Every structure is written in structure tokens, then in C-alpha cells.
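Enquirer: Protein sequences appear in the order of chains A and B.
Read in order, the letters of the first sequence are residues 1123 to 1300 in my numbering.
Read in order, the letters of the second sequence are residues 64 to 486 in my numbering.
These are calculated hints, taken from the structure and not from any lab test.
Just so we're clear, the structure is a prediction, and the values are computed from it rather than from any experiment.
Be a bit skeptical, because a hint or two may be false.
[To be verified] Counterexamples of contact, computed for chain B against chain A with all Cβ distances above 12 Å:
| id | residue |
| --- | --- |
| 1 | D106 |
| 2 | D360 |
| 3 | R466 |
[As the list claims (entries may be wrong)] Covered, in the sense of this in silico footprint (three residues per stretch, anywhere, with C-beta under 8 Å from a C-beta of chain A), are these stretches of chain B:
| id | region |
| --- | --- |
| 4 | 80 to 94 |
| 5 | 226 to 232 |
| 6 | 281 to 289 |
| 7 | 306 to 315 |
| 8 | 395 to 407 |
| 9 | 452 to 465 |
Think of the CB as a built atom: it goes at the ideal place given N, C-alpha and C, for glycine as much as any other residue.
One-letter residues, chain by chain:
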Amino acid sequence: MNAGNGERGTGNGLSSAARAEIRRLMAQFPEPQSALLDALFVAQEEVGYLSPEAIRGVAEVMDLPESEVTSVASFYHLYHFKPVGAHVIQVCTNLSCALNGCGRILQHLKTRLKIDVGQTTPDRRFTLKTAECLAACELAPMMLIGDDRHGQLTPEKVDAILTRYADGRSPKPEARGP
Amino acid sequence: MPESFLLKYISEPDQADLETYLSRGGYAGLRRALSIAPEAVIDEVDKSGLRGRGGAGFPTGRKWRFIPKDPAITRYLVVNADEGEPGTFKDRTLMEGDPHQLIEGIIISSYAIGARHAFIYLRREFSTARDALTGAIAQARSAGYLGRNILRSGYDLEIVLATGAGAYMAGEETALLESLEGRRAMPRLKPPFYPAVKGLYMQPTAVNNVETLCHVTWIFAKGYQWYKAQGTPILISVSGHVARPGVYEVPLATTIRKVIELAGGVRGGRKFKACFPGGSSSAILPEAYLDTPMDYDALPKVDVPGTMLGSAALIVMDETACMVEIIGRTVEFYRDESCGKCTPCREGTVWLGQVFHRMLHGQGRTEDLDLLSGIAKGMTGTCFCPLGESVPPSLNASLRFFRHEYEHHIRTGRCDVREKYAA
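Bound-form chain A, shown alone:
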């Protein structure tokens, strides 16, 4: 779901399509609050990050206090509370990747993108983050760009991968390959 896809809601930051999707998720569970984590992703995908309006929108649809929604969201790593680039890069820095030189990969990304961890490039294409073990240690050192897995990284390979994302759209790489 992208911003502008569907009608914007009545000032709560979420389109009617997003609100309908959240209600569909809620109906899957005996207790509707179980859908909160997934609902926050619906909001994040639509708005781009969890803006105060997006949080308020989720709280309204789910009939939860905004404070509760904020509290839950703030516990988890994958929610963004400020705008991010078109592609979020997560470099695994846990043991297997550390043993296979993820430090060099991270440094290369910082140099090439001219940003530090947690920052977004001025053209808003890339946000650089580190991640704990992403359960793909056979590909160490590895990273995710959006949902796509890239492994057995070298600085040269990182350069080639980044050019595929440079136009702001997501290519569909071999998800299971290195």
C-alpha cells in the first residue's frame, strides 16, 4: 500500500482502504488487539512512518488509547517514528556476520552513502540501519534492503546491489539466493 493509494481518511492519517484492512486483520482474532502489530505496519506502509496522525488513526480504528498504541509500537525495532528513505537497509551485525566481516560492509555503506547508521540520504533513497541476527547466517555477511535479502557481501557486491535500487523502486532479486 502506498501513500495516495485510496482515499485519505477524515484527518486521522489513514485512508479508508487502510482502515478496512485493519478491520479485516482484527476480525481474524478472538481478541481484536492481537492485530495491533500488523495494523501498525499497515499504517507505516501507507504513511511511510508512524506519524502521530498514523498512531491516532490506528488507535481510533482499534478503539485503543493512543498511549497504549504508542507504548506498544515503541517496544519494537521495525517501526519508524520519523520519515525514512525509499529503501531501508538493515545490516546484520550479530555474531556470524561479525565473524565474516560485517564491519567492513557497514563501513563501506557509510562511506558510499555518506551517512551514519540511523540516517537517511539527502535524496531520501536510502536509510541505513543495523540489525540483530536476521536468521540468514549461511549468507553472512548479509543485509536486508526492504524485504529483500542480500548475502555473501563484499564492498564491490554492495555497490552493484545499490545501483539496482538507485531509481527508488524495488527490484525483485533472487530472494533465496545469495
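Following the hints, complete the assembly by docking chain B onto the known chain A.
Expert: Below, chain B alone, put in the same frame as chain A:
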């Protein structure tokens, strides 16, 4: 070595397709399970000797027996697919490559405990697995393996796929249930909140690991006698400094040395230094322990406290690994993932992190080694849940076997390992 079966079709591109899965014998185990009483299903799992593959290694049949039989009580099955123990990637591999194998195991297991709703709590980052499972659930439903009156047995089941949002803590079963209820993933007090008694929505709940449920599929496809004759297979995720990192299916109690050999040995002709046999929550073991069997009982019996099979994530380190750096990274991981509920874990991991930071930045102090041991002692047996308790084992083992590396860092402010092997 017996042929692998959990991984048998994992690399076949069409295995996620229901027709292919059926042509290879899929859902035959489910038919057989539905033809016998739920109690008989549990009996057979008991006889198979299956133990949980998530980390704790609890006997699966016994876990299911704690669930009350009263049909008036709503029961749930929750699948822990939040694979996050550093070095572990077997569950992701199973879900991506053979999703019906898991779905079939979920249906059999739900039938055994009388659950009419099963929930898969999947790591959000596993987008390929999410697609595979979503497709498999839809196919299974339209073919009558899910939904109402499954295969005309009178048994009904729905499977709901939910995702996490990035929290190692959610791998702990009570924290997972909190998260699945739409809250912060913080652990519940045990007792009274044993999932089998008060689990999801305070109802009796079996929380089972992905690999465990895939084993159930095979136990019913081939019978528990056949299953035991395979030597009680387990999946081991091998990573780090080996030539061929990957998931290996071996009989339980295969030695660490043998598993490393299967993975092509230590990479580049380097010398083995140490390994984590069961993810970063286990103690580390140096070379003298390479002939230890990778087994639920054998690993905890070695004289290095906190050694365990865990999730069977074997992380191999060669002579180029600086142990101060590696254990420091481990400490940072637990510090960043601590939920903050209990003091020993919340504060202890921060204090340890400060000591490691100064040791790794040339500012270590002579008294730091005693300080590390003291903090580790204060975190042993005092934490609310296993997360904090996972820090001392590898730290203590590194202080015992690689003390000289810490001393060198403190004395010189430099890393002799790094300097020796700098590329």
C-alpha cells in the same frame, strides 16, 4: 548417515505447491492422525521421543498432556516462528522451502490438543516465508485440509498468520503470547502463567517451535518406529568460520567435530578456536570439547556451566576471532534486546557493556575482570526470564579459557589477535 527427510525436498522449487507436496506423500500423516483419537496421537509423539527444537528441549508429548482435555475449554496452538537466536536459521529454511510440511504438523498437533484455532507468530523480516505460508494455508483450506470438518473427520481448524515487529524477547514463549495479544513482548510470571494452563487469552495453549512441528508431520507420515530408527534427527544451523555454512540434518548426539566436518571444516585451513554449540545463549567451548555429542543431555554435562544444545546453532570461530570482541558483541546484543522488566538483566547488561567498551577502546582496568565475573554472578539465577540468564555462560567461559586475551587488552590497550591476522 541416514538420509535427510526434514530437508529432503527443501531445495525443490515446486515443493510449496500442494499438488507436488501431495504427490510426495504429503498429508498422508494427517489422514492417519485424524483416524485415531487425539490421545493416541499424543501417545505416538511420546513414543517417538520428540523434544522441542526451539531451545528448551522439553518433551513435546508431555507438554501437550498438560493441556486440559475438557472440550468446554477453548485451547490454542501457537507456533513460535520468531526465530532469532543468533546463529539459528533452520526454521526460516523449513518455512521457505517446504511450508506444507509445517502446516500439516500444525493441523496434527492442534487436533492432538483439541485446538480449533492455531496462530503462527512469524518474524516480520521473513517475507519469503510469509508468502510461502500464506499460499500454503490458502491451498490447504481450499483442498479441505483446513476449515470446517477437515477430511470429513468432524474436526475444524483455522490457522492465522501473525507477524512480530522486531524483538528478540518475543522468542520467549510468554513474551510471545503478550506480543500476539498486541502488547509489548515482556515475559509473564511462571507460575501461574504456564502457557499450558494460562496461555493465549488466558486459555490453555501449546507453544511449539517450527522444526518441532515439522518432526510431527514425519512421525505420522512414517510411524514413530521408523522415526526412531532414523536416529532421532535434528537440524543444526552451522555458521561462522566454516567452509560450507548451512543447515545440516544429523542424528542427535553427532559430535561437534563431525558436524564441523560436514560443513567443510574450518575455513581456509585455519585453526579452530572455539564455538557456540547452541546459539549465543550457550557457553562457548574450546577445542578440548570438540568430541562432545550435540545432544540435549550431553552438552549440559560438560564442566562448562551454561553449555546447551539450545536451538542447535553451531557458530564456529577460528584463530582469527578476538574473544573479547565476540563476547562484547554478545553482551551488546542482550543489552539492546533486554525488555527492561527485571533489574539484573536491564542494568547488568548495560554495566557489562560499559566494561567491554572500555576494554576494547584501550581503557581497560586491572580490576575489570573481577568486575565482569561479579556482574555475571549477580545475573545468574536472578533474572526474570532466560534472556538475562543467557549472558553469563559465554562470558564466564571466555574468562576461563581466553583470560589471556582479556589481560592483553587491558595491559596493552591493543588486540594481539587482530594485529596478528589483520588482512
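Enquirer: Which numbered hints does this structure break?
Expert: The structure breaks hints 4, 6 and 9; every other hint is satisfied.
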